[in-house]
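Undergrad: Take these sequences, add in the hints, and give me the full structure.
Given next are the chains, with one letter for each unit.
Protein chains: 2
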Amino acid sequence: MSNPLKIGIAGLGTVGAGTVRMVTERAEKLKAATGRAFEITAVSARDKKADRGVDLSGYEWLDDPLAMATHSNVDVVVELIGGADGIAKDLVEAAISGGRHVVTANKALIAHHGTALAGAAEKAGVSLAYEAAVAGGIPIIKSLREGLAGNRIQRVYGILNGTCNFILSAMADQARDFDDVLAECQKLGYAEADPSFDIDGIDAAHKLAILSSVAFGCEVNFDAVHVEGIRQISLTDMQFADELGYVIKLLGVAAVQGAGGETSLEQRVHPCMVPKNAPIAHVSGSLNAVVAEGDFVNTIVQEGPGAGAGPTASAVVGDLIDIARGANIPTFGVPADQLKAMTPVPMHKHVGAYYIRLMVVDEPGVLADVAAAFKKHAVSIESVLQRTRDPGEPVPVVLTMHETEESALTGALADIAAVKSIIEPPRMIRIEAL
Amino acid sequence: MSNPLKIGIAGLGTVGAGTVRMVTERAEKLKAATGRAFEITAVSARDKKADRGVDLSGYEWLDDPLAMATHSNVDVVVELIGGADGIAKDLVEAAISGGRHVVTANKALIAHHGTALAGAAEKAGVSLAYEAAVAGGIPIIKSLREGLAGNRIQRVYGILNGTCNFILSAMADQARDFDDVLAECQKLGYAEADPSFDIDGIDAAHKLAILSSVAFGCEVNFDAVHVEGIRQISLTDMQFADELGYVIKLLGVAAVQGAGGETSLEQRVHPCMVPKNAPIAHVSGSLNAVVAEGDFVNTIVQEGPGAGAGPTASAVVGDLIDIARGANIPTFGVPADQLKAMTPVPMHKHVGAYYIRLMVVDEPGVLADVAAAFKKHAVSIESVLQRTRDPGEPVPVVLTMHETEESALTGALADIAAVKSIIEPPRMIRIEAL
Numbered sequence: 150m151s152n153p154l155k156i157g158i159a160g161l162g163t164v165g166a167g168t169v170r171m172v173t174e175r176a177e178k179l180k181a182a183t184g185r186a187f188e189i190t191a192v193s194a195r196d197k198k199a200d201r202g203v204d205l206s207g208y209e210w211l212d213d214p215l216a217m218a219t220h221s222n223v224d225v226v227v228e229l230i231g232g233a234d235g236i237a238k239d240l241v242e243a244a245i246s247g248g249r250h251v252v253t254a255n256k257a258l259i260a261h262h263g264t265a266l267a268g269a270a271e272k273a274g275v276s277l278a279y280e281a282a283v284a285g286g287i288p289i290i291k292s293l294r295e296g297l298a299g300n301r302i303q304r305v306y307g308i309l310n311g312t313c314n315f316i317l318s319a320m321a322d323q324a325r326d327f328d329d330v331l332a333e334c335q336k337l338g339y340a341e342a343d344p345s346f347d348i349d350g351i352d353a354a355h356k357l358a359i360l361s362s363v364a365f366g367c368e369v370n371f372d373a374v375h376v377e378g379i380r381q382i383s384l385t386d387m388q389f390a391d392e393l394g395y396v397i398k399l400l401g402v403a404a405v406q407g408a409g410g411e412t413s414l415e416q417r418v419h420p421c422m423v424p425k426n427a428p429i430a431h432v433s434g435s436l437n438a439v440v441a442e443g444d445f446v447n448t449i450v451q452e453g454p455g456a457g458a459g460p461t462a463s464a465v466v467g468d469l470i471d472i473a474r475g476a477n478i479p480t481f482g483v484p485a486d487q488l489k490a491m492t493p494v495p496m497h498k499h500v501g502a503y504y505i506r507l508m509v510v511d512e513p514g515v516l517a518d519v520a521a522a523f524k525k526h527a528v529s530i531e532s533v534l535q536r537t538r539d540p541g542e543p544v545p546v547v548l549t550m551h552e553t554e555e556s557a558l559t560g561a562l563a564d565i566a567a568v569k570s571i572i573e574p575p576r577m578i579r580i581e582a583l
Numbered sequence: 150m151s152n153p154l155k156i157g158i159a160g161l162g163t164v165g166a167g168t169v170r171m172v173t174e175r176a177e178k179l180k181a182a183t184g185r186a187f188e189i190t191a192v193s194a195r196d197k198k199a200d201r202g203v204d205l206s207g208y209e210w211l212d213d214p215l216a217m218a219t220h221s222n223v224d225v226v227v228e229l230i231g232g233a234d235g236i237a238k239d240l241v242e243a244a245i246s247g248g249r250h251v252v253t254a255n256k257a258l259i260a261h262h263g264t265a266l267a268g269a270a271e272k273a274g275v276s277l278a279y280e281a282a283v284a285g286g287i288p289i290i291k292s293l294r295e296g297l298a299g300n301r302i303q304r305v306y307g308i309l310n311g312t313c314n315f316i317l318s319a320m321a322d323q324a325r326d327f328d329d330v331l332a333e334c335q336k337l338g339y340a341e342a343d344p345s346f347d348i349d350g351i352d353a354a355h356k357l358a359i360l361s362s363v364a365f366g367c368e369v370n371f372d373a374v375h376v377e378g379i380r381q382i383s384l385t386d387m388q389f390a391d392e393l394g395y396v397i398k399l400l401g402v403a404a405v406q407g408a409g410g411e412t413s414l415e416q417r418v419h420p421c422m423v424p425k426n427a428p429i430a431h432v433s434g435s436l437n438a439v440v441a442e443g444d445f446v447n448t449i450v451q452e453g454p455g456a457g458a459g460p461t462a463s464a465v466v467g468d469l470i471d472i473a474r475g476a477n478i479p480t481f482g483v484p485a486d487q488l489k490a491m492t493p494v495p496m497h498k499h500v501g502a503y504y505i506r507l508m509v510v511d512e513p514g515v516l517a518d519v520a521a522a523f524k525k526h527a528v529s530i531e532s533v534l535q536r537t538r539d540p541g542e543p544v545p546v547v548l549t550m551h552e553t554e555e556s557a558l559t560g561a562l563a564d565i566a567a568v569k570s571i572i573e574p575p576r577m578i579r580i581e582a583l
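Heads up: the protein sequence lines correspond to chains B and R, in order. Each residue of the first sequence is one higher than the one before, starting from 150 at the first, in the numbering used here. Each residue of the second sequence is one higher than the one before, starting from 150 at the first, in the numbering used here.
Incorrect hints may appear among the rest.
To be verified - Below 25 Å or equal to it, Euclidean Cα-Cα: the simulated DSS-like pairs (lysine-lysine) are:
1) Lys178/B x Lys489/R
2) Lys178/B x Lys272/R
3) Lys180/R x Lys272/B
4) Lys155/B x Lys272/B
5) Lys489/B x Lys178/R
6) Lys272/B x Lys238/B
7) Lys524/B x Lys498/B
8) Lys489/B x Lys238/B
9) Lys155/B x Lys197/B
10) Lys155/R x Lys198/R
11) Lys198/B x Lys155/B
12) Lys498/R x Lys524/R
13) Lys180/B x Lys272/R
14) Lys180/B x Lys489/R
15) Lys489/R x Lys272/R
16) Lys272/R x Lys238/R
17) Lys569/B x Lys525/B
18) Lys489/B x Lys180/R
19) Lys238/B x Lys197/B
20) Lys525/B x Lys498/B
21) Lys272/B x Lys489/B
22) Lys272/B x Lys178/R
23) Lys272/R x Lys155/R
24) Lys425/R x Lys425/B
25) Lys238/R x Lys489/R
26) Lys569/R x Lys524/R
27) Lys155/R x Lys197/R
It is worth saying that the hints were derived from the structure and are not from the lab.
TA: This is the structure:
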């Protein structure tokens, strides 16, 4: 295999520029590793004139990225445009039907259309590679799809959004409010002007849906992911978490359910209270981490940068190396037509422990009402924590609940919210057994 | 590729039995993942009659494992016999020259003969796979050789021996002496009757030499690894480490040296003081962890079980999956004849910070002598810590030293050891900047 690997890159933001830089700087090593020269032949982006800090003069500029899909001088299309639909999807579909391999960092695209695209790629005999779409530089897709592929994975979970982890870490470390930290992140460019994609958990949910497919051999089912973000996390809850021996993280968690296993799948993204000694509790700042629990291997933890030009380019180039070496691996580990359609477990069926914070005035009578509500719904209280207070002042009452089905807890909280001296809606954060 | 993958397994200890169990229990998934049935066809071990908890009656028993190497019904030889030479080496060499793929968990074999065996395998057009040889179930070889292969790795390090990590963790957590914990480990079967292979760092050094080759694209050079074990670590030093903000770990560390990089290589295994907030400081018990630092990806941390039947079988089966999928990857990431011969950096050229503990009587005069010795060798003291004492009683004096070349430190310690009121040889533990 001494013919060069001819690469077209569509989308030249920081990741695209980083990929150009890595492929050119590392030319010698890539050739040694694969036996083939890596040649960037064509590039495309919206603005031809922008200075991207890399020399693009040697590559053919295509105003229309779709032209890459059938370009005689392109073996692999690297799609770095982004978005679940539109031009990115058109390009990937066209590249596959044009017999070109595809490397993409586009989590939304794979989360929404992964199963169909995998089927098309396998039919066309090309690779659809997306290591960069999940957890940036961490080679977690490769680990699950190849190295750990002999295992039955019971659960995969992780810190999948660096922006959320950065905000939560800063809140905890610096005792600052959510809004304050978010505003700073936006000023520094760590968070978007419209941060909802990150902050509301959607980005993490895209990644979780992809991880699930690779871990459990099931169809990618983004719509089945229960998604909550971190806007509701207050400094008060951070401080109680600390007191109770937890840290608060936005986690994506996917786990198979049922005795025979592998028929039902729970997928959820939401803030969690994580025990301080859990494998990922110490992962702070913008880092990501993914934990896979397999029946033979036990627990494997991988941590690293989840975003950024360098780490993402590292993942893109890793995929290009696989393609240059002629890797022949089904997109999600098993052929697309053998991916299982697993039954989603709805969130009200989730079983777990819970942290509850109530803001109450006139506490003595209230606790009896609260306890009665939990009793009525058969939810068992594990602990109660109450701050000293001035008479008449609202005071936080914090409870932790033993494992229960979420529907029971929700029922109890609805009753509790109606108690007159509880002056704010109850706050609930799930406690994760890790 | 619908022909089955025919597997011969030589060596039926716990890992061999675990591999048999995984291949048989996971038959359906393996076929889905690779398009090929996995068939164990032949097995071999010393004692045919031993009960291994798995049914071997369906496989051909070979009294001579070497017969596997040319057996018409074997595509892959799984070598789980162990040992750098002898029958394991004979079998792997014969299998390669017989055109059979090889999967091995044998770190000693690869550490001592990896370069030559890789050359032979590549010449014969077969795979030599050894994921199970390093860090058990953690797919670190795959990560370095494939997913992160576009990076220039500057340093790779890790906790590579679970027995040592278990002993050091127990000493720290339970305030127990080394001998005490070791004896318990031996009673429980966690450590061998002759524990030197683990305790003296040899096992970790085998793994480090293999990691180096994959990370840096160099020949496997076990002889260039500086090796020290953990026998000298005392509870006293553990407690001082804690006070200074460190934990003590046995690390393997490999790093390229020099401005242009990649010409000189430092490889060393020894106890280290690791800052409590380092990425691997919390990795305790028998877990392993490996950290890779690449120029594009930054820092990737992987943790998991480093030994045991299940995790090791997971790695063996991961290699079998690669082979079944027709993976075509040079043994150490680049072809064996392109592996660099890097210049070893001798330990006396190591530059780092140090912890020193002296046991002294009649302290006032001594400190002047100690300070003079360090000054003479141009070694700069960072901090001094001294316990209260009864007059005339020996008292520990603990110093931390700024970064210095080890030869200077060794010179100073030789002078200090000669001071009359220093009643024990100085204890030195390297402080690792992680």
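Undergrad: Give a verdict on every hint.
TA: Hint check results:
1. With a C-alpha separation of about 12 Å, the suggested pairing of Lys178/B with Lys489/R holds against the 25 Å cut-off.
2. Only pairs whose Cα atoms come within 25 Å are accepted, and Lys178/B paired with Lys272/R is accepted, the gap being roughly 21 Å.
3. Our distance criterion of 25 Å between C-alpha atoms is met by Lys180/R and Lys272/B, whose separation comes to about 19 Å.
4. A distance of roughly 22 Å separates the Cα atoms of Lys155/B and Lys272/B; the hinted pair therefore holds under the 25 Å criterion.
5. Of the pairs offered as hints, the one joining Lys489/B and Lys178/R holds, with about 12 Å between alpha carbons and a cut-off of 25 Å not exceeded.
6. Only pairs whose Cα atoms come within 25 Å are accepted, and Lys272/B paired with Lys238/B is accepted, the gap being roughly 17 Å.
7. For the hint pairing Lys524/B with Lys498/B, the CA-to-CA distance comes to about 19 Å; that is within 25 Å, so the pair holds.
8. Under the criterion of a C-alpha separation no larger than 25 Å, the hint pairing Lys489/B with Lys238/B is consistent with the structure, at around 24 Å.
9. Between Lys155/B and Lys197/B the CA atoms are separated by roughly 21 Å; this keeps the pair inside 25 Å, and the hint holds.
10. A distance of roughly 24 Å separates the Cα atoms of Lys155/R and Lys198/R; the hinted pair therefore holds under the 25 Å criterion.
11. Proposed proximity of Lys198/B and Lys155/B is supported: the alpha carbons are some 24 Å apart, at most 25 Å.
12. About 19 Å separates the Cα atoms of Lys498/R and Lys524/R, which keeps this hinted pair within 25 Å; it holds.
13. For the given pair, Lys180/B sits about 19 Å from Lys272/R by alpha-carbon distance, which is consistent with the 25 Å threshold.
14. Straight-line distance between C-alpha atoms of Lys180/B and Lys489/R comes to about 15 Å, which keeps the hinted pair within the 25 Å bound.
15. Proposed proximity of Lys489/R and Lys272/R is supported: the alpha carbons are some 18 Å apart, at most 25 Å.
16. The hinted pair formed by Lys272/R and Lys238/R meets the criterion: a straight-line CA distance of about 17 Å does not exceed 25 Å.
17. Among the hinted pairs, Lys569/B with Lys525/B is consistent with the structure: their alpha-carbon atoms are about 18 Å apart, no more than 25 Å.
18. Restraint check: the Cα-Cα separation between Lys489/B and Lys180/R comes to about 15 Å, which is no more than 25 Å; the hinted pair holds.
19. Straight-line distance between C-alpha atoms of Lys238/B and Lys197/B comes to about 22 Å, which keeps the hinted pair within the 25 Å bound.
20. For the proposed pair Lys525/B and Lys498/B, the alpha carbon gap of about 18 Å is at most 25 Å, so the pair holds.
21. The suggested pairing of Lys272/B with Lys489/B holds, with an alpha-carbon distance near 18 Å, which does not exceed 25 Å.
22. About 21 Å separates the Cα atoms of Lys272/B and Lys178/R, which keeps this hinted pair within 25 Å; it holds.
23. For the given pair, Lys272/R sits about 22 Å from Lys155/R by alpha-carbon distance, which is consistent with the 25 Å threshold.
24. Our distance criterion of 25 Å between C-alpha atoms is met by Lys425/R and Lys425/B, whose separation comes to about 14 Å.
25. For the suggested pair Lys238/R and Lys489/R, the alpha carbons sit about 24 Å apart, so the restraint of at most 25 Å is met.
26. A hinted pair counts as satisfied when its Cα atoms are at most 25 Å apart, and Lys569/R with Lys524/R qualifies at roughly 19 Å.
27. The straight-line distance between the Cα atoms of Lys155/R and Lys197/R is roughly 21 Å, inside the 25 Å bound, and the hint therefore holds.
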